[in-house]
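With the hints as constraints, model all of the structure from the sequences given.
Residue 403 is where the sequence shown ends in the numbering used here, and the numbering goes up by one at each step.
Honestly, the hints are just simulated from the structure, not real lab data.
Glycine included, each C-beta is placed from N, C-alpha and C at the ideal position.
Taking lysine-lysine and the DSSO-like style, the derived pairs with C-alpha atoms no more than 30 Å apart in a straight line are:
hint, residue 1, residue 2
1, K186, K340
2, K185, K158
3, K390, K185
4, K303, K340
5, K340, K358
6, K186, K390
7, K185, K152
8, K185, K340
9, K186, K358
10, K325, K358
11, K390, K332
12, K186, K158
13, K282, K185
14, K340, K325
15, K397, K185
16, K332, K397
17, K185, K236
18, K186, K236
19, K86, K152
20, K358, K397
21, K358, K332
22, K152, K281
23, K358, K390
24, K152, K390
25, K390, K281
26, K325, K397
27, K303, K390
28, K390, K282
29, K185, K281
30, K358, K282
31, K390, K325
32, K303, K281
33, K340, K397
Between beta-carbon pairs, the in silico distance windows are:
hint, residue 1, residue 2, range
34, A212, R309, 15 to 25 Å
35, E65, I277, 42 to 52 Å
36, T219, K340, 28 to 38 Å
37, Q283, L306, 16 to 26 Å
38, T190, R162, 27 to 37 Å
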Amino acid sequence: MFLLTNYGSPGNTVIHECVHWVKHRKVYMLEKLYNDKAHGITCEVTGGVQADLSRRATERMESQANRLSPRIQMPAGPFKAKANDYISRFMREMGARHEIEVMEAVIQQLATDFVVSRQSVKIRLVELGFEAAVGTFTYIDDHYVKPHSFRKGAIRVDQTFSISAQDAAIQRLINPELKKLTETGDYLFIDNHFVYNTPLYVESNADGNLDLTAYARSHMDECCLVFDMKVTSKVAGAYHTVCFLNREPSDITFDITFRNGFQNAPPERQIAMRKKQQEEWIGIRRQMTDDPEQCIKLLLDWRGMNYTNLGAIIGRNPKTISRTVKGETEPDLKTAAGICFGLNLPPVISEKLLEVLGCRLMPMNPSHQWINEALHVKYPEPFKSAQSYLKAFDVEI
Numbered sequence: 007m008f009l010l011t012n013y014g015s016p017g018n019t020v021i022h023e024c025v026h027w028v029k030h031r032k033v034y035m036l037e038k039l040y041n042d043k044a045h046g047i048t049c050e051v052t053g054g055v056q057a058d059l060s061r062r063a064t065e066r067m068e069s070q071a072n073r074l075s076p077r078i079q080m081p082a083g084p085f086k087a088k089a090n091d092y093i094s095r096f097m098r099e100m101g102a103r104h105e106i107e108v109m110e111a112v113i114q115q116l117a118t119d120f121v122v123s124r125q126s127v128k129i130r131l132v133e134l135g136f137e138a139a140v141g142t143f144t145y146i147d148d149h150y151v152k153p154h155s156f157r158k159g160a161i162r163v164d165q166t167f168s169i170s171a172q173d174a175a176i177q178r179l180i181n182p183e184l185k186k187l188t189e190t191g192d193y194l195f196i197d198n199h200f201v202y203n204t205p206l207y208v209e210s211n212a213d214g215n216l217d218l219t220a221y222a223r224s225h226m227d228e229c230c231l232v233f234d235m236k237v238t239s240k241v242a243g244a245y246h247t248v249c250f251l252n253r254e255p256s257d258i259t260f261d262i263t264f265r266n267g268f269q270n271a272p273p274e275r276q277i278a279m280r281k282k283q284q285e286e287w288i289g290i291r292r293q294m295t296d297d298p299e300q301c302i303k304l305l306l307d308w309r310g311m312n313y314t315n316l317g318a319i320i321g322r323n324p325k326t327i328s329r330t331v332k333g334e335t336e337p338d339l340k341t342a343a344g345i346c347f348g349l350n351l352p353p354v355i356s357e358k359l360l361e362v363l364g365c366r367l368m369p370m371n372p373s374h375q376w377i378n379e380a381l382h383v384k385y386p387e388p389f390k391s392a393q394s395y396l397k398a399f400d401v402e403i
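Next up, the structure:
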């Protein structure tokens, strides 16, 4: 069974049924003495069991079989020894500084050695104290989030740093505390994490897109916000931990909630850097008047650009931008938003520019709300990155 790691795979199924035979056949035989309806046990792929025996007895039997099966397939002693050996070897061969850099390769190798799924290995590693495995093979928004790790005990098993773009937007909309943390641009939404926006944690990759630094990926508790998870699919409570760790494509759904997930404040030096940057933004904002031409000239000079540069970045004719600014054409939200993304304007400045250009974002318009979301959490990224983010929600700019 895919959604519950290795359950349902041939090897696991054989061992699972052997556990039932060795441990539970006497229970079935005793039940059959006084219960004519007891004809057998049928295991379900949703982690439960169907039988004509008493419900309490069958649930206990199924729980025991499910817990023993992966332990039999991956015995603690040899499994831990192999894991430690591969971690040391791969770190040496790859020149890695942090364990998380090799953990996915370790999981892949262990899955091959023990003939089990990657997710089954991941969960077994976490059970045996390898917490770095938690941040591996997390599938969200049609891609695998890059591996990441955190200080031991920093989050519970039902908490995560990784959420979908849609969950991020919903939480920002309904949660005033999260909105307050993100409305100034202090936290950016990068690779499905809300990460504190300083050079120690955020950098440009080879493609020019923003990414988490290697330091950030090995210190997530220091720079990223934490979210609570709750399983909303119909899955037995005993298997919720498996579901939390098994973030592969499946029909399992979660309720994601931000509840004071700012447990670990970034170091004071990083906060001081952000304050200095915000002071610069406020200084620019104070120079902006209600004259669109004055605002654009100020912002172009600030970014060291001109109409031609800006037009090339956002795919607009420089004359079209000029006519929009001068009010010679009807204000176009797509062009106005494109200018904001092309100039990488922080929220405090983009809000003013949209107001000056006469382009209002309507609260009840879904497309406008997605543009507003991107202006808050994607503003430092290249224009094409913001464009791709919005395209995923059928919003064109």
